[in-house]
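Here the protein sequences come in this chain order: U and H. Note that numbering that gives the first Met the number 0 has the first sequence beginning at 0, numbered continuously upward. Note that numbering that gives the first Met the number 0 has the second sequence beginning at 0, numbered continuously upward.
Bear in mind the hints are in silico, worked out from the structure with no lab data behind them. A hint or two may mislead.
To be verified - With a cut-off of at most 25 Å between alpha-carbon atoms, the simulated BS3-like pairs for lysine-lysine come out as follows:
| # | chain 1 | residue 1 | chain 2 | residue 2 |
| --- | --- | --- | --- | --- |
| 1 | H | 196 | U | 86 |
| 2 | U | 72 | U | 92 |
| 3 | U | 86 | U | 102 |
| 4 | U | 3 | U | 92 |
| 5 | U | 92 | H | 196 |
| 6 | U | 105 | U | 72 |
Unchecked claim - Chain U regions said to be covered by chain H (calculated; three or more residues, Cβ under 8 Å):
| # | region |
| --- | --- |
| 7 | 2-10 |
| 8 | 111-123 |
| 9 | 234-248 |
Treat the numbers as computed from the prediction; the structure is a model and nothing was measured. Each residue gets a CB set at the ideal place from its N, CA and C atoms; glycine is no exception.
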Amino acid sequence: MSIKVSNITKTYGDFVALDNVSVDLPTGQLTALLGPSGGGKSTLLRIIAGLESADTGQVNIEGTEATHLPPQKRNVGFVFQHYAAFKHMSVAKNIAFGLEIRKRSKDEIAQRVDELLELVHLSQFATRLPSQLSGGQRQRMALARALAVEPTVLLLDEPFGALDAKVRKELREWLRRLHDEVNVTTVFVTHDQEEALEVADEIVVINEGRIEQIGTPDELYDAPANDFVMSFLGPTTLIDGKLYRPHDIEVFTHPGIAGSLPARIVRELRVGFEVRLTVELLDAAHEEITVTVTRATQRSLGLRDGIDVWLSPTHGAVPSMGAVV
Amino acid sequence: MASEASRLREPLGVRIALRVVTIGYVFALVAVPTALVFKNAFSDGAGAFFDALKDPSVTHAFNLTIEITVISVLINLVFGLTMALLLVRYEFPGKRVLSALIDVPLSISPVVVGLALVLVYNGRTGWFGPTLESWGLRIIFSTPGMVMATVFVALPLVIRELVPVLSELGDDQEWAARSLGANGPQTFWRITLPGIKWALVYGVVLSLARSLGEFGAIKVVSGNIVGQTQTATLVVEQKYEGFDQTSAYAVAAVLAAAAMLCLVIVSILRPKEDSE
């Protein structure tokens, strides 16, 4: 195990940020700490980095007991949401910082900086100041700076949180490729489930200071441990007290399927290729359900406001077990 | 667009009136009186001006002022920096009280500061004065007391320049440096100090100007002994009251010129900060 966190508790006054959290993060993996804001995921990352200290519990990094080590002795690379670029230094100097602190030779530093500039595609910006870079470029610089010292683990705190949607998408694909290239144990914090599902090998879902579930993106999506994980990882809708994904409900324009529920479409909203239908069940409770179909399905079935339909959860759809959160 | 908007905002008459009032205000209060000091200093010619400055009591006063200013500014630099870091980067009980206390020198009259120091440190009835004097250390009517008074009145200037800049800078860069292997001193010299250097320069210049010009507190603690504990500002007063107007204006002009020079140097240096 590369990082072993045992029984970490951290409180700020009355607020419990982490409540007896234990997790093992294996070497070489890209792990996402996923959860809502204020759930404790950033605190956990900062405790691993040594930027905060836990009230109780241990942190072990690559077999070294690190609980009481200052951050400069943990050999972790840390990337901040707002880049934390050294504003008065050029891009190259930023990247060289950790190596200069380690008193490497001038030639070695120059060579390593060149390699890293290449790696993060910033070679032509070496002499620029951070203020002359875009957000995405600054974050790539911050990544190169963290990688320069060859850390045992790379920790990223909402690394793409301050970037606009398009750059964010590009950068997370790039991060995935970069990780496959340099293969350093990486942990990143995010509140964006799509980002976690797309990039991570393993996801740790954290909420209210506790770990809700640990698993691969597929495990989490297909077999969520509870309603919280189910609803955090994607949209849900409630039928008969069970949570389903809106795209896991099939829509028929005629009755006859065993167990299908009669309903009426009350609203439709088209977003790109998908159509979100709000459907009212024709039973006593008049429950409203959200169903997502593709544009093509909507056309072929002629689904529109006011028509009657019959609903049936798709074969193989896994409802959440309904654990109370 | 922005300039267009501001051009359209006020009618012409209002804008002209605003300008006249602002410029007139600054002229009547600052520019004209200061200019008159220089005019009067040279009213008997440059020779009389330089003769006045060559007077032994005047040269001694200038030397003493420089000595006290340099020591006070150094003390305020070190303590100001430490206090600002403490206030911004650390949480501790009594922080708000400390922060409020730092502004006390701004609100209290310097004369009161001088009297307070005399009460504590005078050689006969002060709290510590007799003890210190028995060790051969004289505070009141001597340079240490004058330095203390000057440090006291200029205390908030460095701190108040640094605190907002340090807060805005945040501690992300410092933590990033730590995670890259830098220890405390390395982080301070390589990351924190370059980030706050302009605020520091500005704070130092302000306290330099303030220390050069200190009068009230110095007058009380120094005893104003000619050729011994008389500083430049005290010379101005004494010469003026003794109807030696040329000398008074000459010394005053030098003090004013020194303070203005400080501000000019800063304003020349400062724009570079943005283009850097």
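Practice problem: Any hints from earlier that this structure breaks? Give me their numbers in increasing order, please. | Solution: 4, 7, 8, 9
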